Amino acid sequence: MELKFVNISNREFENLNLTINSNAITGIYNVYNLEKLFNDNSYKGSILINNSSIFSYNESIVSYISLNPIFYTSKVKDEFFLAKRKNKLNNEEYLKKIESILKIVKFDKKILEKEIKYLSTSEKYMLNIAINLINNPDIIFLENNQEFDNNIQGIIKNIILELKKKYKKTIIIISNNINYLYDLSDYIVILKDNNVIVSDKTNILFKNISNPLPDLIKFSNLANSYNKKIKNYKDIKDLIKDVYKNV
Amino acid sequence: MTILKINNLNYSRDDTIIFSNLNLNVFKKDYISIIGLNKSGKTTLTKLLCAIIPTDNIFSINDIFLNKQTVLDYIEHIGVVSNSLNIFLTKKVKDELILPLKNLGYNELKIKKIINDLITFFELEDLISKNTNELTKDEATYLQIIIALVHNPEILILDDAISSLPLQLKEKILLKLKKLNEKGLTIINITSDLETIYDSNKVYLLNNKSIEELGNVEQVFQEDNYLRKLGFKIPFIIDLSIKLKFYGLLDKIYYNLEALEENLWN
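For the record, the sequence lines run as chains S and X. When you line the first sequence up against this note's numbering, it's residues 1 to 247, in that order. When you line the second sequence up against this note's numbering, it's residues 1 to 266, in that order.
Source of the hints: derived by calculation from the structure; they are not laboratory data. Hints are supplied without guarantee of correctness; some may be wrong.
[Unchecked claim] Computed cross-link-like contacts, DSBU-like style, restricted to lysine-lysine with a CA-CA straight-line distance of at most 35 Å: (1) S:K86 with X:K183; (2) X:K28 with S:K114; (3) X:K183 with X:K92; (4) S:K166 with X:K39; (5) X:K243 with S:K228; (6) S:K192 with X:K209; (7) S:K36 with S:K110; (8) X:K172 with S:K117; (9) X:K130 with X:K243; (10) X:K229 with X:K172; (11) S:K97 with X:K229; (12) S:K164 with S:K4; (13) S:K77 with X:K209; (14) S:K97 with X:K233; (15) S:K117 with X:K102; (16) S:K228 with X:K172; (17) S:K114 with S:K4.
What you are looking at is a predicted structure, and each value in this text was computed from that prediction instead of being measured.
Using the sequences provided together with the hints, build the complete structure.
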């Protein structure tokens, strides 16, 4: 589903115009308080989903997965149960869904019995993803945290790619790490002071800007200043091969 | 000279052993990094270190053991920045900096001098007049670091505090921390982000419920395969250096892209 922000103005944004493409991964760099648009309607302008107002859809059509999630119960299983009630799932649907979602986020069933306050930061984040997946949203915003180690980042990356490919979701990643966005996104939007500076397909965007640049592109650009023709790569192994040819 | 000591820390929670027989000696003016993966207990260790989780005669600063009687004296020696502990108590950024100084009973003249010094050192000119609820997440993190330092502690503890910041701000903060360390501040950087450890004089690994000394930064990155296997992300510049070194195109690990390419292409 395509998402459009049209002339949005509030305390955080001034005339925000942005189109998020359907069934694609869009990375947004350096945005803040975007989530408030989905919790607080006191903005001017409109948010459109497939060219219809967001208010004409069920609220669970959009999920915003924050780094600081709010949980309403004390136990993991109660939090899932709350999502079950909200989505009016019968027991059979619920058990089926919970089993597949636990697999996606690589949680053992034992986690259901745990107290949320005893979960680690990454476990809380993954729980937040799991709860949001029960709602089966079409548009998913994910705040990314670079504190997470490679194991967790790998799981998150696989979830994002699967949601796009298998379930045809529209994914928006919010991150301050341009390397992360470069690796995963089909489109990238760069903001400064919450104003859109540039927005384009990932493979085109970095030809037109000098900052921020992913490390791999920074390397190629700097090599060019030494009259070495190094292409833009997404994988360090491909870069090394090209460097080897050029030395 | 030892400034902070952890003596045989054993800690369990919810029937799970978090730390077993953990010992650590931190010396005055040390800048140590304790690296750990998710669920290794980084935030728990921070909470224990700064007495949010009470302990009895396990931790000591300047040979004074932390317990119920000494807790107020103990926490005066430390400043803490943790994403899980960030709350602002006032409406204005300036008031947020003044509050801990007022609590210490400083007079207005002294407070004014400290605030002016902080504004200059941390380049706070634009931030100082803002309301705390207007701050972006990055600005809020930056402010939390300054608040942790307002009362001039001997030790600064960072719990994955700067990992999520954009590169430019991260580099700015790391440079400030390096300067403060040179002036005598002891820094304990607890993190999973290896990009933040370059200035440390010693690196420890928090793993398997305990802590292991890995050596200096160079020694740490010589064990890149071990770190990768555990799940750490090797920073791009280090990864590139190691790979180019393997193919005989570089002779050492570089921490700066400009220096690496100058050596490579010339």
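Here's how the hints hold up against the structure:
1. S:K86 with X:K183: violated, 56 Å
2. X:K28 with S:K114: violated, 40 Å
3. X:K183 with X:K92: Holds, at roughly 29 Å.
4. S:K166 with X:K39: Within the cut-off at roughly 30 Å; holds.
5. X:K243 with S:K228: holds, 19 Å
6. S:K192 with X:K209: violated, 42 Å
7. S:K36 with S:K110: holds, 34 Å
8. X:K172 with S:K117: It holds: about 33 Å lies between the C-alpha atoms, which stays within 35 Å.
9. X:K130 with X:K243: violated, 46 Å
10. X:K229 with X:K172: With a Cα-Cα distance of about 30 Å, the restraint between X:K229 and X:K172 holds, given a limit of 35 Å.
11. S:K97 with X:K229: holds, 32 Å
12. S:K164 with S:K4: Holds, because 18 Å separates the two Cα atoms, which is no more than 35 Å.
13. S:K77 with X:K209: holds, 27 Å
14. S:K97 with X:K233: holds, 32 Å
15. S:K117 with X:K102: Between S:K117 and X:K102 the Cα gap is close to 33 Å, so the pair holds against 35 Å.
16. S:K228 with X:K172: Since the Cα atoms of S:K228 and X:K172 sit roughly 31 Å apart, the hinted pair holds (cutoff 35 Å).
17. S:K114 with S:K4: Judged against 35 Å, a Cα distance of about 39 Å means the pair is violated.
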